[in-house]
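A.B. asks: Single-letter residue listing:
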Amino acid sequence: MTIHSAFQELEKRMNVTYAAENDGGLNEKQVVLQAEELLPAVQILLSNNVYHLSAITGVYDKEHLVLLYHFWQGEGLTLRIVVDGKANYVDTLTVIIPGAAFYEREIAEMFGVEIRGLNTSGKMFLPDNWEGEPPMRKDKPEKTKIQMEDE
Amino acid sequence: MSRITIPIGPQHPLLKEPLSFNITLEGEKVMDSALRLGYVHRGLEKLAESRSFIQNITLFERVCGICSHIHTTTYCQAVEGLLDLELPRRGVYIRMLLCELERIHSHLLWLGVLAKNIGLNTVFMYAWRDREIVLDLMEEISGGRVSHAINKIGGVRKDLTQEQITKLYSNLPILLKRVHELLNIVENDRSFMARTRGIGYLSKEDVRRYCVVGPVARASGISMDLRKDSPYALYDELSFEVVTMDEGDVWARSLVRIYETIEAIRLCEQIVEKLPAGEIAATAKRKVPTGEFISRSEAPRGEVIYYVKSDGSQSPARVKVRTPTLTALITLPQQLNGLQMADVSTVIAGVDLCIACADR
Amino acid sequence: MIDRIIQWARRKSPWILHFNSGGCNGCDIELLSLLTPRLDVERLGILKESSPRHADILVCTGPVTAQTEASLIRIYEQMPSPKWVIAAGSCSCTGGVFSGAYNIHDGVDNVLPVDVYIPGCPCRPEAIIDGVIQLLEKIE
Amino acid sequence: MKTLFMIVVFPGFLSIAGLGMAFHWIDRKLIAKFEGRLGPPWYQPLADLIKLFAKEDILPRGTNEVFALLLPLASFAIVFTAGFYVLNLSQTPESFKGDFIMVIFLLSLPSLFFFLGGWTTSGVYSILGGNRSLLQYFSYEVLFLMALSGTSIASGSWSLEGIRSTQENGLPFVIPQLMGFILVMAGLIGKLKRSPYDIPKAKSEMIVGPLTEYSGKKLAMWKLTEFVQTVAGIALLVHCYFAGLWATDSIFGILLFIGLMLLLQFILSIVSAIFARLRIDQLIDLNWRVFIPLSLLQNILIIIL
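Protein chains in written order, with our numbering: chain A, 1 to 151; chain B, 1 to 360; chain C, 1 to 140; chain D, 1 to 305.
This is chain A alone, in the form it adopts within the complex (with noise of 0.2 Å):
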């Protein structure tokens, strides 16, 4: 199972934060790690003849901002990526798997993450005249805190 040898070579060699074979939280797979490990783990997939990226979803959980990107090998393994709220930014994979240009493109409009590496000029989905935040964004909590004092 190509599936099962990468998630075992992720958890003996990347700095896991948690790892589960499917606890309850999620039906698949996963691996949560942090943004500047991206891209190393995405290569140890690879290695693993783990190539199809299915999607890259943006999540709330709790107030952090997580992408999730699903892999699909005969079953799901998810790299769930823990977006830092301050630097807001993740690496591009297009440069291993050119065809996760369209996600991040999605998630740098819909969630306003940087994706380094990645041209975003120019509108993808949203209209040329899109002003404002973007839409997916969730109000940053720090800011309903104030708001709330405020009243």
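No incorrect hints appear here.
Once the Cα atoms are required to be at most 35 Å apart in a straight line, the calculated DSBU-like pairs of lysine-lysine come out as:
hint	chain 1	residue 1	chain 2	residue 2
1	C	Lys83	D	Lys33
2	B	Lys287	B	Lys46
3	C	Lys12	D	Lys29
4	B	Lys158	B	Lys228
5	B	Lys46	A	Lys123
6	C	Lys48	C	Lys138
7	C	Lys48	B	Lys167
8	C	Lys83	C	Lys12
9	A	Lys62	A	Lys138
10	C	Lys138	D	Lys29
11	B	Lys287	A	Lys62
Hints are computed from structural coordinates only; laboratory data are not their basis. All figures in this text were calculated on a predicted structure; none of them were measured in a lab.
Fit chains B, C and D to the given chain A structure using the hints.
C.D. replies: Coordinates of chains B, C and D only, in the frame set by chain A:
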């Protein structure tokens, strides 16, 4: 030679949906192409967060009008996974039946569009005439030609009656015969082959690098079909073949799709034969527990993936939809480079775009 | 007399232009199936034209998204008068199921003057024919 | 008065235009039948044209309005003149020695005007479509002329009358020159820009090619040009290949003439229904490598025999 940039879209007869495609030509040769999505972007994922789990079925039915059933199926599978619900077998079989009927409808529709784009209007008419048989069957079963609204969380809404089964038995062989006629055209017609062979080539390696799915990947020799590789619903109880070809051009994609249509007709027959008795839907709890679920299925165009996250409230905290068209779109510039202007329509039709899916 | 001949000609030869302003495809494929053997609207003189300059009736499907709004207006202005607009499908009538999304301007009537509304999600092909016929009756 | 009647009604403007519309309707109806559809009612082309004439006429900014008006008018006048020659069944009073060449020349002009018409309206598709029609022009026009000249070589005359009388004394040319007839049909399809030679106005990529930006009256003129060009082209072929089968002055002769024209229209319709559109390089390849050498061969054979 001077270069000329022509805008294709948002309104263009080649595209049924708005999409902006700027093609730079040198004479008749395509030198460059730039893509702009977002004309059909409605913000469905955001909208889903403000609607309840049940309302969202209606919403996701309208991600795309062509493969509406597979979207609700995948969404319902995710919610059922969150609820940890055991589905009655009869309900799942009816779901699969509609999935396969929809595959036939989608592939025939696609063949018509391709034929129209290369100037074979007659084949367009024939393919769409035969497609009406499937639409009638789907209308008979679900009540809707295009949107079926038959899925619900826990199963399906409507049962198959004996009358409908008889109708399926009598109409599927007719359809099979018609599809074989169309196959004959695609396989043997010289003018069809002249316009499709060697056009829009994607190698096996390209397919891997771009993460392409569905018939486009299978036409390049990659056997990837979620119904076989990680069977969802009850596909492991049915026997069918995954069609692959090695040519990797539009012609191979046409053949793959038509053979898949034939497989889908066989699958429909199997489903009706094996249709188990019993309930069609399980009762689902109102409250969806906290959790995340990834649901994948094989739409007519390839892998669809739904990610649903629930925080225990009335509506989902996040729904992510990734549709197969998005993977195919990214390969278009590579497929088009160096081709003739006249081939642009063939290539665009060949990957079977569904912009509504891609934009959401 | 000449007026009556022209009216007759207009009623017998409505050329439609289809524009999807952001719909889900459902109405679009139903509109396209009008051309095919089962319904064949050419028998009523209806032709699906591809250039706005040739068309008489603009059939819009889908809600108006922020990005298509400008193109929609431009296409309408490119059409020579007399011209009419049909909103086909619930989405283009009111915004339908997508009403309230951040990128949607709801119905086509927020952007263009609409002559006939065809509800239904998706509207059946027969309903589209009926809509066109009702529009033609309105021409008098 | 009689001349005026001849110019306006018979065999002039109205009857030629009517015949053109009738053939256009037959074409649409036949294609609809091949596709399993019902097809338009008989008055459809008339309704279309009246409607177009009554519509607003707009042109994009930057268009030379004089040319945009003159080109469709001129091409209509030209094909009408050609039609006037070839549709006259009996002895044409205006017939002169080189009218065969003149008709061919007149029939080839509208394509050139079609190209210019694309260039005057500054739309991208119009220009690209115009370019394509010019590219195509050089291949099918040569083919048409080469294949058709076989008839005039065989009869040793450059007038329609001469070609006709040669056939009346012997066999119709369609029998000894069957290959030439097939080739000239291919040329005619290219001339009329019908499928599979409809590259300049390929709907799926060029919208309607040079006609994209035309509307109202000018579009109607272009359409009428196309109708009359079809009829004139068909009638020319009937003259050159089937003459001698009908008597020039009887009702039966006229019916037979129209019947032969319908037969050719049927061939045109069925060809456009069963073939996919060719790509421009495929078309040029086919014409220059296969069709034109064949027509050359045919002419050499005619000269030798």
